[in-house]
Amino acid sequence: MIIGVLALQGAFLEHEKALRVCGVNTRQIRLPEQLNGLDGLVIPGGESTTMGKLLTAYELLEPIKQLAEQGLPVFGTCAGLIMMAKDIVKSNQLSLGLMDIAVERNAFGRQVDSFEADLAIPALGDKPYRAVFIRAPYIASAGSGVEVMAKYEEKIVLARQKNFLAAAFHPELTADLRLHQYFLNMIKK
Amino acid sequence: MLTEKGTWTVKKGLAEMLKGGVIMDVTTPEQAKIAEEAGACAVMALERVPADIRAAGGVARMADPTVIQRIMDAVTIPVMAKARIGHFVEAQILESLGVDYIDESEVLTPADEEFHIDKHEFKVPFVCGARNLGEALRRIGEGAAMIRTKGEPGTGNVVEAVRHMRKVMGEIRYLQNLPKEELMTAAKEMGAPYDLVVKVAELGRLPVVNFAAGGIATPADAALMMQLGCDGIFVGSGIFKSKDPVARAKAIVAATTHYNDPKILAEISRDIGEAMPGIEIQTIAPEQRMQDRGW
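Chains A and B are the protein sequences, given in the same order.
The first sequence begins at 1 in our numbering and counts up one residue at a time.
The second sequence begins at 190 in our numbering and counts up one residue at a time.
Bound conformation, chain A alone (with noise of 0.2 angstroms):
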């Protein structure tokens, strides 16, 4: 299994260290040539408006569209949940457009107010997930078909709808794996 991760900028190595650690290889993404052949997609953290102007400048955007509506899954992280969502709230970035849900940037505020806490998701078990937020957003609002998976203090900060999952924090930067064996799983079914 080969699984992509965006290497335009941000943390993609610490997303191949887990994936590798997970069992499957990985392959950095910078030109549309090198999504030949992937089995999933992971978009990491990094600075989404960066990371949006980077996509369309070395023409990925619409491969990388093209491919998930076919069905690739597709996993984000923080700036990478911002490029999957269709609406982004007050702004006019371009992003990927993947998932029915609205997002808020910068949502809990500026680095100062960055910080980690436990979440409850029910989908990897009882255990509770440490969740590093770092000028994290979330999803403000969330269409029928998108799966709401966790919540921070009623916001909603993880989400499924179909072969796409997004995350507000960041699942790179902890020891826990458990997340991204998730999305590994989504992809064997």
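Just to be clear, a hint being listed does not mean it is correct.
[Stated by the list, open to error] Calculated pairs, PhoX-like style, for lysine-lysine (alpha carbon to alpha carbon, straight line, at most 25 angstroms):
| no. | chain 1 | residue 1 | chain 2 | residue 2 |
| --- | --- | --- | --- | --- |
| 1 | B | Lys-377 | B | Lys-222 |
| 2 | A | Lys-17 | B | Lys-222 |
| 3 | B | Lys-194 | A | Lys-155 |
| 4 | B | Lys-377 | B | Lys-356 |
| 5 | A | Lys-127 | B | Lys-194 |
| 6 | A | Lys-17 | B | Lys-388 |
| 7 | B | Lys-194 | A | Lys-151 |
| 8 | A | Lys-90 | B | Lys-452 |
| 9 | B | Lys-312 | A | Lys-155 |
Think of the hints as simulated: they come from the structure by calculation, not from any bench.
Could you slot chain B onto chain A? The hints should help.
Relative to the frame of chain A, chain B by itself:
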């Protein structure tokens, strides 16, 4: 649910999100917009870029909060700002403004020649300059969550950044090859905290994100620093002191992403106008060298 703000993971984590990106010095909201539009992953809000600080002489201090605030209002990417070495009150002010990162920087005139800021005391993360591994680990020991080479700021000359990056990387490789019983002596010789020396020997890299800074002026300079092993790039005077800042900013961003692909590097290096004028390091009097500030 236990919630914690300003933890080490969160401070270090923001730098992780900036990796593979370019942080640009800006002095106005208009420049900040240009930087964001070109794909910068963060901006450094300043009153003057290093080349102008060098030219002006005198004492360089933290920027006016109004300048910083206007830049913070203009962009959605993270905004960093500089405090003088050891000036913890400037740092307190910057934290209260809500800047996303503080650079305790040798570009400004040091406020303390002996002691750096106790950066653990702050919720906002800090980046600090270093010329070698010992200096980097002393700053991390004080709480810096990100390191950058010092280079020689405001010169458009990459030679010092290269020297500092090679030095740090070389010393990391040296530590990796030492048997455990020699690490304490290595720590003593480097003047670095022992636990961090042990950690570096284990990891084979710094325990925090490591950017290059100080003299980067071209896309090729940025790619050179990336190939030497840094995690991302700071460009100070190199963009807004060049002939065509928009084209140059975009090209340096592209070079930092595609640093390993000479064909793409050739393409993005075309027609981007003249670079900033450079300064030969030997022509700078020793007391004017910013890299020797701090220890």
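Q: Check each numbered hint against the structure and report the violated ones by number, ascending.
A: The structure conflicts with hints 1, 2 and 8, although it agrees with all the remaining ones.
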